[in-house]
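Please construct the entire structure, taking both the sequences and the accompanying hints into account.
The lines below spell out each chain.
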Amino acid sequence: MADDQFYREFILDHYRNPRNFGRLEGPDISHEEYNPLCGDLVGMDFRIEDGMIADVRFHGRGCAISQASASLMTERLKGMRLEDARKISKDDVLNELGIEISPARLKCALLSLKVLKVGAYGLANVDEEEFE
Amino acid sequence: MADDQFYREFILDHYRNPRNFGRLEGPDISHEEYNPLCGDLVGMDFRIEDGMIADVRFHGRGCAISQASASLMTERLKGMRLEDARKISKDDVLNELGIEISPARLKCALLSLKVLKVGAYGLANVDEEEFE
Amino acid sequence: MSTSRSSQAPPALDVEAVRKDFPIFETGVAYLDSANTAQRPRQVVQAMVEYFTTYNANILRAAYGLSETATARFEAAREKVRAFLNAGSTREIVFTRGTTESINLVAYAWGRQHVRTGDLLVCTVMEHHSNLVPWQILAGERGARLEFVDIDDHGRLRQDQFQRLLEQGPRLVAFNQVSNTLGTVNPYREMTAAAKAAGATVLIDGAQGAPHLGFDVREVGCDFYAFSGHKMCGPTGIGVLWGRRELLESMPPFLSGGEMIKAVFLDHTDYADLPHKFEAGTQAIAEAIGLGAAIDYLEGIGLDAIRAHEAEITEYAYEALSEIEGLRIFGPPPGPDRLGVLSFDLEGVHPHDVATILDRHGVCVRSGHNCTMPLLQRLDVPATTRASSYLYTTRDEIDRLVAALHDVKRIFTR
Amino acid sequence: MSTSRSSQAPPALDVEAVRKDFPIFETGVAYLDSANTAQRPRQVVQAMVEYFTTYNANILRAAYGLSETATARFEAAREKVRAFLNAGSTREIVFTRGTTESINLVAYAWGRQHVRTGDLLVCTVMEHHSNLVPWQILAGERGARLEFVDIDDHGRLRQDQFQRLLEQGPRLVAFNQVSNTLGTVNPYREMTAAAKAAGATVLIDGAQGAPHLGFDVREVGCDFYAFSGHKMCGPTGIGVLWGRRELLESMPPFLSGGEMIKAVFLDHTDYADLPHKFEAGTQAIAEAIGLGAAIDYLEGIGLDAIRAHEAEITEYAYEALSEIEGLRIFGPPPGPDRLGVLSFDLEGVHPHDVATILDRHGVCVRSGHNCTMPLLQRLDVPATTRASSYLYTTRDEIDRLVAALHDVKRIFTR
Ligand SMILES: Cc1ncc(COP(=O)(O)O)c(C=O)c1O
Ligand SMILES: Cc1ncc(COP(=O)(O)O)c(C=O)c1O
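Heads up: the protein sequence lines correspond to chains A, B, C and D, in order. For the first sequence, my numbering begins at 7 and goes up steadily by one. For the second sequence, my numbering begins at 7 and goes up steadily by one. For the third sequence, my numbering begins at 8 and goes up steadily by one. For the fourth sequence, my numbering begins at 8 and goes up steadily by one.
Read the hints as simulated data drawn from the structure, not as lab findings. Accuracy of the hints is not assured; some may be wrong.
[What the hints assert, rightly or not] Quick list of in silico lysine-lysine cross-link-like pairs, DSSO-like style, CA-CA up to 30 Å:
1) Lys269/D with Lys93/A
2) Lys120/B with Lys93/B
3) Lys269/C with Lys120/B
[Said to hold, decoys possible] Computed spacing ranges between beta-carbons, pair by pair:
4) Asp159/C with Pro109/A: 37 to 43 Å
5) Gly147/D with Ser95/A: 21 to 27 Å
6) Leu88/A with Glu86/D: 33 to 39 Å
7) Lys269/D with Asn93/C: 35 to 41 Å
8) Pro109/B with Ala24/D: 33 to 39 Å
9) Lys269/D with Arg53/A: 26 to 32 Å
10) Leu88/B with Glu332/D: 42 to 48 Å
11) Asn93/C with Asp21/D: 50 to 56 Å
12) Tyr127/A with Gln384/C: 41 to 47 Å
13) Asp274/D with Glu253/C: 29 to 35 Å
Glycine residues also receive a C-beta, built at the ideal position from the N, C-alpha and C atoms.
Laid out in C-alpha cells, this is it:
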C-alpha cells in the first residue's frame, strides 16, 4: 500500500541503523538544529582536512524522515570537498529520499541540510524559507 | 409619510421652541449627562422647596429627540413632588413621546431621564442598562 | 464493549443525526483532532453567512436599521455567552480573538497593575503555552516568582504541592480546567476555593473545558475565565474573557482606539463602560454571531448528552488503544476526571511518522508537543500522538484509528 | 453630470455587474456607509464557507492533509497581502484583528522599547481614535510629548506645521493615509520622506487608504502600515500589520502563547521567527482566507477601475449635495487628494435626526463623530452626517440620498 512507498525500506533501514551516528572528538565544526514543530534534533560534527570533509558524524532524535535524511547526508558528505558540499540543494536531498514529502514534513527532511548550511558554511543568516 | 409620524409636530415644536430652556441661578441641584455616541448633552437645574420641584430649567445640545424629550420632561416636572418624580419610568418617557424609538435612538430619548435619576436622586450607581 | 458509566440515563445523543450537521464528514475523514480545533456545523456557518449577506453593517456606531440589527445580534450573542457561563451581567463578557488573547489581556491590564517585585504567581506544569508564556513574561518584567504545580504519575495535579504554594500567599493562580494533552479534568472548584481562601486572584483557562463541560462562573467563584470559539463548534477569530465586574472595572484598558471610549480630546480620553472598554476597534462581528449560534447548537443537543457520548467514546477508545502492544497512554484512566483527549506514545515510532501514516488512512490526529512543551519535558518524551474526540466522534472512527495504528506497526517492524 | 477626470481612459467598471456579487443589495438598501464597513461579495463568503465545510482544521500544528491544506491556504492569503502591499517578504505580514490591534501592537511592542521621557511623538488632529488613543496612553506612560498637526480650512494637513515639528526630531510620526471623516488623501509619500529624513519611525494608518488606493510599502518607505479586512470587502475579525523586517525582528513579542514560540521551558522561552512571533494563539484562519479572497476580488476588478468609478461617484455626489441649501461639506473639493467620504452638516438638523429619516428612506449613512472627536472639536461641530461610497455605489443611490435629504428639510421646516 501507499505507506510502504512512503516509508521505503531503505529509509526505515537508515532510521533503524543510522550510518555515521555518534560524535567526533575535537571536531573542526559542530552544529545542531532543532525543529520546533515536532521536537526533531539533528547535530553534525565535521573533521576538515585540506578543504575536504575527512570525517562526519551525526547525532539527534526524531522521526524516521529527519533521522534517515541525516544518515543519508553523512554518507554523501564523507570525502566530499567543502565547496562541492556547498552546492548540495534542497532538490538533491529530496531526490535522494525519493519520496513525495508533504509540506508539514519538509522541515524534517531538510533539517540535516540546514545543519550543513548553517554549521559548515557559517551561513547564519540563511533564509529559513529554504528549509520549509 | 412615516417620518411625519416619527417627527411629530409637537416634538419638532419642543425642539424648536424648548420650554424651560436656560439655567437657574443658585440651583439646589444641577446635573449634566452626555451621550458619547452622538455627542448629545442635557443638563438640568432644579430649585427644590419642601420636597417639591419649584422650578426647573434645562440646557444642552443635540438631536430633536433628546432635546424635545428634555423639554417635555421639564414641563412634567415643574411643581411635582420629588418622590413622585422618582417614580417616572422609562415607559412614561417613551409614552409621552408617543413614537416608536429604535434602539440606537433610545439613549437620546432617555438622556433627560438619566439626568433626573443620577442628578436629582443622586443615584450615582444607577445601572447604565436602564437608559439603553 | 463499554457502556455508559452513569447509573441515571443521560439524554441520548444520536451521533449519526449530529454528523449530518457537519458537511465536512462528507469528505470521509476520521477527524480525531477536535482538541486542536472543532468542526463547525452548518448552523454556525449559516449564521455568519446570514450576517454577511442580509444585515452586514458595523455595530454600535450607526443609527440605521442594518446596523441596529447587527448590533442587536452581536449583543444577543454576548447574552448567550453570559447565560452559558451563568455570569451576572453581559458587562462581564469581553469578546477577544481566543483564549490566548483573553489571557494576555489579563496579563497586561490586570498583571501590570497588580503584580509587584517578589510576588508569587502559581501555574502548573501541564499548562498550554498560552497560559504559561504570558506569566513568564510578566514575572520577568516585574521581578515576580513563577512556580509550577507538578503532576503525579497519573497526570493529575499534585494537590499537596499546590497547598504548599498557596501557603506562600500567591498573587495569582492560573490553571486549566482540562489539560489539552492529558485530558485531565482538574478539581477546579476545590482549587479555586482554596486559592481564593489564600487571597489569590484565580484565572481558569477553559479552552478545553468550555466545549465539553461548560462552566458556571458564579458557582466556581474564580476571577477570570477564558475560552475559544473554535474549539466549541464556533468560528475562528473569536473567544471570550469573562471577568468579575469589580476587577474589570478597576483595570486599565488593554487595546485602545475606536469603540472603547466615551470621549476623546487631544490631551486625554474618557473610557467607555464595560464591556466596551476592552473591545477596541471593529469587533469580529460575524464571528461573535457565529459563536452565539454554536452555543445554541451545543445547548440544543445538551451538554449532558454530549458529555455522556464522549465518555462512552473515550472509554471505548481507551480500551482499544490499551490493547495495542507498545502503546502507552498519558493521563488518567477513563472516569469523571478525564475527557476524550488521548495522547500516547507508540514504542519505536516517532509521533510524526505515526501521524503521517494515519493521515494516509484518512485519520487526522495531532502529533507534536500540543503547545505543552514543559509538560512533555516532565513526561520525558519529545512529542506525543494525540487523538481527541467530540460530540460527533463515532466508534467507527476509533476503529479506523486502531486499524491504522496496526499498519504503522506493520510498516515499522517490517 | 460629471465625467472622469483622467485624460487616459481607465479600465471600465460595470457597476451593475459588480452589484450582482453582493447579495445584500437584493434587500434594496442604498448603502452609503462603506467607510465604516464595506459589504462582502459572495466570493469572499464562499471562500470562508469552503474552509469551514471542506478543509476545516487548525494550521501549522498538525501533519495531516486537512491541516496542510488549511495552512497552505492561510499562508497563500499572507502571500496575497504581501503582493498587494509589494512587501519584500511574507515575514513582514502580521495578521491581526484589524487596524486597531495592528496599531496597538506597535504601540506596545515597539513603543515600550523605543519611546523615552521627553521624546516627541507626532500625530495629526484628523486621526481616528485608533491612531490617537494608543499614542496618548504611550506618551502618558513614558512621559513623552504628543503633538498634533492641524488642518487648514480645506481639511488638509498643515505641512508648514508638520515641518516645524519634524525639526524637533520626533521619535514617531503616525498619520492616516486617508481621513475617514474628511476624505482627504494625505501626501503620504512626501510626508514619509520628510519624516524619515528627520530620523522618525513612520506609521501609516491605511484603514481608509488600502481599500481604495492600495499601498506600496517599498515605494513609500514607511516603517509600519496597518489596515483592516472588513473595510475592503473582506470579513470582520482580520487585519494586517506590515512592518519593516529589521524593526519587527528587533521588537519583543506582543501577545504570547501558542504558535509564537520555538521552545518553551519552565524558566524561559525562545520565540519563533517572523511573522509567527507576533501571531500568538489560534489565528483567525477563515478570516485570513476571506481577506485573501477579497484581495483577489478587488484586483480582479482592478484598483484603477475602482478608483475611477469612485472618483466619478464622488464628483457626482459632491455636486448634488452642494446644491442643497444649508448643507456644508467638510474636507477638500473633488480631486486627486480626496476620496468618496462626504461628511456634511445640514443647518438646523442634528446628524442623528438626518440619519434616522434617511434610514426610513432605506438610505444608510453614518451619523456621529466617526471616531474622530478631536477633529470634530477642531471643526467645531458635535457630530456630522457621513455618506461614503465604494466600488458598488451607484448614482441612483446618490439620487436617493439627495431626495431623502430634501425630505429631512421638508420635515424640519414644516
Ligand atoms: C482611518 C481609520 N483608522 C482606523 C480605523 C480602525 O479600524 P478597525 O475598527 O477596523 O480596527 C478606522 C475605521 O474604523 C479608520 O477609518
Ligand atoms: C488548554 C488550552 N489553553 C489555551 C489554548 C489556546 O487557545 P487559542 O489557540 O484558541 O487561543 C488551547 C488551544 O490551543 C488549549 O488547549
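Hint check results:
no., hint, result
1, Lys269/D with Lys93/A, "28 Å, holds"
2, Lys120/B with Lys93/B, "13 Å, holds"
3, Lys269/C with Lys120/B, "16 Å, holds"
4, Asp159/C with Pro109/A: 37 to 43 Å, "39 Å, holds"
5, Gly147/D with Ser95/A: 21 to 27 Å, "54 Å, violated"
6, Leu88/A with Glu86/D: 33 to 39 Å, "35 Å, holds"
7, Lys269/D with Asn93/C: 35 to 41 Å, "40 Å, holds"
8, Pro109/B with Ala24/D: 33 to 39 Å, "36 Å, holds"
9, Lys269/D with Arg53/A: 26 to 32 Å, "30 Å, holds"
10, Leu88/B with Glu332/D: 42 to 48 Å, "47 Å, holds"
11, Asn93/C with Asp21/D: 50 to 56 Å, "53 Å, holds"
12, Tyr127/A with Gln384/C: 41 to 47 Å, "32 Å, violated"
13, Asp274/D with Glu253/C: 29 to 35 Å, "34 Å, holds"
This entry does not satisfy hints 5 and 12, going by the numbered hints stated previously.
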